[in-house]
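Peer 1: The primary structure of each chain is shown beneath.
Protein chains: 2
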Amino acid sequence: MVKPWRTLATRTVAKTPIFQLDAHRRVSEHSGREGEFVTLSCTDWVNVVAITPADEVVLIEQFRHGTARSTLEIPGGMVDPGDRDPAVAAARELREETGYVAKTLVHLGTVEPNPAIMGNLCHTFLAEGAERTAEVELDAHEEIEVLTVPAGELEALVRAGRIRHAMVISALHFWELHRRG
Amino acid sequence: MVKPWRTLATRTVAKTPIFQLDAHRRVSEHSGREGEFVTLSCTDWVNVVAITPADEVVLIEQFRHGTARSTLEIPGGMVDPGDRDPAVAAARELREETGYVAKTLVHLGTVEPNPAIMGNLCHTFLAEGAERTAEVELDAHEEIEVLTVPAGELEALVRAGRIRHAMVISALHFWELHRRG
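From first to last, the protein sequence lines are chains C and U. Heads up: the first sequence at position 53 corresponds to 52 in numbering that gives the first Met the number 0, and the numbers run straight through without jumps. Heads up: the second sequence at position 122 corresponds to 121 in numbering that gives the first Met the number 0, and the numbers run straight through without jumps.
Source of the hints: derived by calculation from the structure; they are not laboratory data. Just so you know, these numbers come straight off a predicted model, no measurement behind them. A portion of the hints provided could be inaccurate.
One copy or any two copies: either way a pair holds, since identical chains are not told apart in the list.
Below 25 Å or equal to it, Euclidean Cα-Cα: the simulated SDA-like pairs (lysine to any residue) are [what the hints assert, rightly or not]:
| id | residue 1 | residue 2 |
| --- | --- | --- |
| 1 | K14 | E152 |
| 2 | K14 | H177 |
| 3 | K2 | L71 |
| 4 | K2 | H140 |
| 5 | K2 | V148 |
| 6 | K2 | D84 |
| 7 | K102 | A86 |
| 8 | K2 | R178 |
| 9 | K102 | V148 |
| 10 | K14 | N119 |
| 11 | K102 | I143 |
| 12 | K2 | L146 |
| 13 | K102 | M0 |
| 14 | K14 | A115 |
| 15 | K14 | S40 |
| 16 | K102 | T11 |
| 17 | K14 | G65 |
| 18 | K14 | V37 |
| 19 | K2 | A86 |
| 20 | K14 | A67 |
| 21 | K102 | E144 |
| 22 | K2 | L120 |
| 23 | K102 | R83 |
| 24 | K14 | A150 |
| 25 | K2 | D138 |
| 26 | K14 | R24 |
| 27 | K2 | R179 |
| 28 | K2 | A67 |
Use the sequences and the hints to build the structure in full.
Peer 2: Below you can see the structure in the form of structure tokens.
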């Protein structure tokens, strides 16, 4: 069993609208060694594999500021403090980003987006019977294009590197495990 | 096609041993809207699905400072500035973290770990014929336990949430696509 590091002190280094940067002074219960470790605190996230009645998957394309280029993804976003359940956030983000509303919503799996530096989780949901029945409602800086692709074509997009967002590929893996039963 | 945001100015907000925090003033070529976006700059990463001659996968368990708990992962680490190729980093990280050295190393796929806030890539490699023939060499703050599990048991570890690091699950997805051919 790996022994934990105990936190001696934490100070906040910076705050941004999306995350807070914290520096933790920690001591290893294994070696007694001390160090300072910088982490990002932010809310949990959700993403959604949304399937239409025609067995198409709802994708979005948007400019991403980390890579400074556009990325092909599944819809998703932040769990708000008021959300009683990540499923509420999943349904909302799907609707707001794409206008799609699903008949059913099932939790497929949860990942740690980056346990080395972030403490949050990303929950993946499967939204079946998704139809475009609502208005898109984007946040101030969101510019999103919505598209659908036949479910059977997703694998080729991953193999070609067109879909290469780690949390999206994790979501597709969970979906595959789900279908395998 | 999604239009990009053009960078007007960039300033560095904070630096840590692992990443640099930058704030970018950008203008949307779609809407003309301006905003400030904070990103993390850091080196590319690698991770490695290493398989022994007995068809076992090499895993590591280590305390992770983002989540402040221990995580079950595949080996991996940072691409150093002097690495002429990510494969060099993959072989080194596998050897240093676990003592395993592989007969072959094949690139399986590449993800963007978090395109919303990070610009780097994580490259996944398959290392076959991996045997424990070298000494483990850990960095100052690394405390790692090495274990092997039969390849056929990995899926159960993912389903049970014991493996839930997004980049590890992405790596396992690439490995599955690779085996599927």
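Peer 1: If a hint holds in the structure, say so; if it doesn't, say that too.
Peer 2: These are the hints, each one checked on the structure:
1. K14 with E152: neither (40 Å within a copy, 41 Å between copies)
2. K14 with H177: Neither, since 38 Å and 41 Å both go past 25 Å.
3. K2 with L71: Classified as between: cross-chain Cα gap 13 Å, same-chain 39 Å, threshold 25 Å.
4. K2 with H140: between (43 Å within a copy, 13 Å between copies)
5. K2 with V148: Result: close only across copies, 21 Å inter versus 46 Å intra.
6. K2 with D84: neither (32 Å within a copy, 34 Å between copies)
7. K102 with A86: within (13 Å within a copy, 45 Å between copies)
8. K2 with R178: neither (37 Å within a copy, 35 Å between copies)
9. K102 with V148: within (19 Å within a copy, 39 Å between copies)
10. K14 with N119: both (16 Å within a copy, 21 Å between copies)
11. K102 with I143: within (23 Å within a copy, 45 Å between copies)
12. K2 with L146: Cα proximity of K2 and L146: across copies only (16 Å, versus 47 Å in one copy).
13. K102 with M0: This pair counts as neither: shortest intra-copy Cα distance 43 Å, inter-copy 30 Å.
14. K14 with A115: Result: close both inside a copy and across copies, 19 Å intra and 16 Å inter.
15. K14 with S40: both (9 Å within a copy, 16 Å between copies)
16. K102 with T11: Neither: 42 Å inside a copy, 45 Å across copies.
17. K14 with G65: This pair counts as both: shortest intra-copy Cα distance 17 Å, inter-copy 16 Å.
18. K14 with V37: both (13 Å within a copy, 10 Å between copies)
19. K2 with A86: The answer is neither: 34 Å in one copy and 31 Å across copies each exceed 25 Å.
20. K14 with A67: Classified as both: same-chain Cα gap 21 Å, cross-chain 20 Å, threshold 25 Å.
21. K102 with E144: Intra 23 Å, inter 45 Å, cutoff 25 Å: intra-copy only.
22. K2 with L120: within (22 Å within a copy, 30 Å between copies)
23. K102 with R83: within (19 Å within a copy, 50 Å between copies)
24. K14 with A150: Neither: 39 Å inside a copy, 42 Å across copies.
25. K2 with D138: Classified as between: cross-chain Cα gap 17 Å, same-chain 42 Å, threshold 25 Å.
26. K14 with R24: both (19 Å within a copy, 16 Å between copies)
27. K2 with R179: neither (36 Å within a copy, 38 Å between copies)
28. K2 with A67: Intra 39 Å, inter 11 Å, cutoff 25 Å: inter-copy only.
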